[in-house]
Amino acid sequence: MSLKQVRLGFVPLVDCALPVVARAKGFAEEENIDLTLIREMSWAAIRDKLSYGVYDAAHLLAGIPLAARLGLGGMPSQRIAVPMALGRGGNAITVSTRLYQRMLEADPAAMHGPRGLSARALKKVIDEDRAAGRPIMSFATVFPYSSHNYELRYWMAAGGIDPDKDVNIGVIAPPRMFDSLRNGWVDGYCVGEPWNQRAVFHGDGVIVALKEDIWARSPEKVLGVREDWVQSNPDTVDALVRALVRSAEWADQPENRTELAQLLSGESHVGASFDILRASLLGRPVLKPGDNPIEAPDRHVFYRYTATFPWLSQGAWVGTQMQRWGQVDATVDFNTLISDIYRPDLYRRAVKGLDVALPHDDWRVEGVNDAADRAFVGPDAFLDNSIFDMRSFAGVGE
Amino acid sequence: MKLEDFSILVIDENPDRAAIVERGLVESGYTRVSRIGTSYNLVERIQALAPDIIIIDLENPDRDTLEQMFQVSRVIARPIAMFVDQSDSNTIREAVEAGVSAYVVDGLRQDRIRPIVEMAISRFNAFDQLRRERDEAKAKLNDRKLIDRAKGLLMQEKGLSEDEAYNLLRKNAMKQNRKISEIAQSVITAFQLEF
Chain A
1 MSLKQVRLGF VPLVDCALPV VARAKGFAEE ENIDLTLIRE MSWAAIRDKL SYGVYDAAHL
61 LAGIPLAARL GLGGMPSQRI AVPMALGRGG NAITVSTRLY QRMLEADPAA MHGPRGLSAR
121 ALKKVIDEDR AAGRPIMSFA TVFPYSSHNY ELRYWMAAGG IDPDKDVNIG VIAPPRMFDS
181 LRNGWVDGYC VGEPWNQRAV FHGDGVIVAL KEDIWARSPE KVLGVREDWV QSNPDTVDAL
241 VRALVRSAEW ADQPENRTEL AQLLSGESHV GASFDILRAS LLGRPVLKPG DNPIEAPDRH
301 VFYRYTATFP WLSQGAWVGT QMQRWGQVDA TVDFNTLISD IYRPDLYRRA VKGLDVALPH
361 DDWRVEGVND AADRAFVGPD AFLDNSIFDM RSFAGVGE
Chain B
1 MKLEDFSILV IDENPDRAAI VERGLVESGY TRVSRIGTSY NLVERIQALA PDIIIIDLEN
61 PDRDTLEQMF QVSRVIARPI AMFVDQSDSN TIREAVEAGV SAYVVDGLRQ DRIRPIVEMA
121 ISRFNAFDQL RRERDEAKAK LNDRKLIDRA KGLLMQEKGL SEDEAYNLLR KNAMKQNRKI
181 SEIAQSVITA FQLEF
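As you go down the protein sequences, you meet chains A and B in turn.
Going by my numbering, the first sequence wraps up at 398, each residue one higher than the last.
Going by my numbering, the second sequence wraps up at 195, each residue one higher than the last.
Accuracy of the hints is not assured; some may be wrong.
Listed next, with one range per pair, are the computed distances between beta-carbon atoms [as the list claims (entries may be wrong)]:
#1 A:Phe-274 <-> B:Arg-134: 30 to 40 angstroms
#2 B:Val-26 <-> A:Gly-290: 47 to 57 angstroms
#3 B:Met-174 <-> A:Glu-255: 31 to 41 angstroms
Capping the alpha-carbon separation at 25 angstroms, the derived lysine to aspartate or glutamate pairs in DMTMM-like fashion look like this [stated by the list, open to error]:
#4 B:Lys-140 <-> B:Glu-162
#5 A:Lys-4 <-> A:Asp-238
#6 A:Lys-165 <-> B:Glu-97
#7 A:Lys-352 <-> A:Asp-238
#8 A:Lys-4 <-> B:Glu-44
#9 B:Lys-145 <-> B:Glu-118
No lab work stands behind these hints, which were simulated from the structure alone.
C-beta atoms are modelled at their ideal positions from N, C-alpha and C, and glycine is treated no differently.
Pulled out of the complex, with its shape left as it was, chain B reads as follows (with noise of 0.2 angstroms):
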């Protein structure tokens, strides 16, 4: 079987990192990718998709009908077994901690798998780090939002300059222990109390 035979379908409720996966795995030369959501007619998209491998995220709650759905081999032409395979324990703890996991069809030799698991092992990993960033990228620009905000009031209504402001509230942070932004929002709220 080459590679672009290989018939993949992502699950994921986060559109965003099933996109992330799915690139990579096109990148890599698989042609045959698919993706879908939270979907209430899940069986009956899977039977019509007919995958090889199903790599979802490993929590998931549709995980739990997947499992049904293999359990009861009737539902679906072929048999479907977890990728796990006891040799395998590095990429598997790896897939744990990631975030990832994956079906796949019985039989289908483990090292043509390996690198799709890997991949998507990867692309999780890379996903998690680009939310992280972004995370703290929205923290820090509402926290400058705070802090304009609170020098704003401070340059109104106390009539000091944007630096006298800024060092006054830089002063107390210092001296309190905490971040600027927090002295920000404490000055944002003693002045909502007054009006």
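If we strip away everything but chain A, and leave its shape as in the complex, we get (with noise of 0.2 angstroms):
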């Protein structure tokens, strides 16, 4: 049987592995493809590469899929499938060193409290600003539809602060975000590791919250592929999301992180040094330039948790935070939207005969940390308790 041909783009991020893995592990090849990496530098690129055909399958943020299907930012509408998660984790929020040692001074109560509160100093640290009459500061996340767009949002308004009106928030592609920091373009941003790493052992940068802190559960990227192609080669794509799922399972044992951490290492990869990349795949990350690293167990999520389930629930989570931000009108209904996007049959139809747990349902009730089984989702809570249903917020019935 000849080999399958699938052109895969992605950005250099700890979370592009499970296209990584599929590849050098031969996880693709046994599932009959040839599956050829290419690395983008720009969330811009990958997208129009992915909706014009230059490639079949891409490494998105989970906010891309929805943007292009709502025909955001100009683009007339995209139809672009969400059949698997690839993982969760890895994003963090990190200030300059300046910044820091402001938030600290300002309020050292907030600094030594939960992480995904630490938002409160920053707070303190704007109103002192305003009071001596100084510029507003810059933030920067990486794509107007990313999770760290709506994470670094979510953790500024925990701490009482609007993120229209209170800071400036631009976009960096991610490789060009540590320049940024350093040369003093941007006070603080939002990024996938290893990018935050990056500036803690290069002593530019504190990390100031995990996304595990303002979200146990949040969900990352996500594997695109166009509807049409989905049509036209459903083998194909049972046997991709197949290959990546087992990649994930490979990618989230801990005896291979280090292995993992090689891998991705590579210029033709991640391109960050193996000791960057390393801290962080092994969950034990460095907060401050010269602090010992913390345990966060939970820092790549790949397989465990259902961590590649493209659950609806997360998908329409996103959807709502594209609301709150105005990106999107309040009555788009994301509740029925999200299942025409995030495709868990197509999931469940690849991973049958697999040995992998299926949730019950295609959704879930998120925000709960204490639920029956949590250790089958994995912890849940979010950085001020709030609960999501997604039948409430548009009367989406059972």
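Mind assembling these two chains? They're in different frames, but the hints should get you there.
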């Protein structure tokens, strides 16, 4: 049987791990897929190349398929399907060492309390600046429709900051973040690893909140494929999902994480130093230059806790954040739209016959940290203990 | 709006390619063409230039920054939309394949924009062709240097004539099914080892 060619675009981040593992460890080949990986430095480029057929599949931000369907940003509507998620975790909010010092002086209690609430100290710094007539600070995320943008805003809003008025939030592509902080063009950012650890290792930044401090179960990257490709290549979609799910299982084993760090450090993959990648992948990140690493076992979750399942409720939550920050009209019904984009049916079809534990439903009430199935779905607290029930916000029946 | 009234901005990290695109546009009658490379005050510079059309290489990481700018419409006076009209899918495909993307002020008629984008596509393709040819020429020159050096070593160390040295390299290349330059590289390495 001849191998089926699949071209997949990715952005250099730790969470491009699954496609990299699928190719390097032979999981793609076992599914008769000849997987070609192409590194991209921008989300706009990867979106366009997927949309217009240069790529068959792509490592995407969870918000991109939603934004593409709605034709946001002046783009005509594109039908991108999400047959699986590519794991969870990996983001963090990093501020310059100078801003960190100011936050520490302004509100030591907040800086020593839960990291999810550290924005209360930032609020005090913003108030000081305002009283002194200083210009507002600048922060960066990686794309308008990124989980990073929604996490940074969630964190700020919980600290009493209005992210649209009290700060500037701009966009910088992930590999350029570190230089921007180092050169003082931004005061802080939210980005995926290794671009936070890199700032800490070089003494330029301090991590003030991890993604899991903001919402433990929050969604991250997804696999995006064009809907017409799904229709004309159903067997290839199944095979690709299976290969990536098996890669996730491999990547989640603690004993494989050092090898994974080695794999990702290559210039054709992430191209960051092995030590930085390993610290993050072993769940032992350093938050402040010179500190000992902390224990953060869920820093990168690839397989456990249903991390590859495309939960409708996680996609719908992304939609609510787009509405919260005025990117999308409040009348858009994401509960209906999401099941047309996120495709748990494709995931279930693909892994049939594999030993992959599946949830009973395609959605769940998010934010219930003491749920009966916690061992299966993982910790699930929001920093403000909020609950997200997708049925309640647009009247979708059970 | 006459041709020369369009303000066109070319953003490219490659100054040579940007120059080729700019010249193509100017020669076609567009007089208001500016270009910038990578810049950390991109937003301010674009605001100052207020272009009707932005041509930018598709893979430029600055595009992520641009799209944020266009989404937050209060940042710039006029909303800008990406040039992609569903009815124009051939041009779009050609643009993506050539590595060109474009953003235009909302409301500009598609038939006024298409020639500009098509000009950019043809210039990008021409630049690619030039670059390929230059790379090939460079590789050839490099090969010739290696062969000359290996010949020199064989003549000096083994007392061969120039023709004999070349024939020896060629014979081995044919026998091993490799390029003469590769054999030349092996010869150079081998002689370096001895000293």
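Query raised in the report: In ascending order, which of the hints set out earlier in this document are inconsistent with the structure?
Result: Numbers 3, 6, 8, 9, in rising order.
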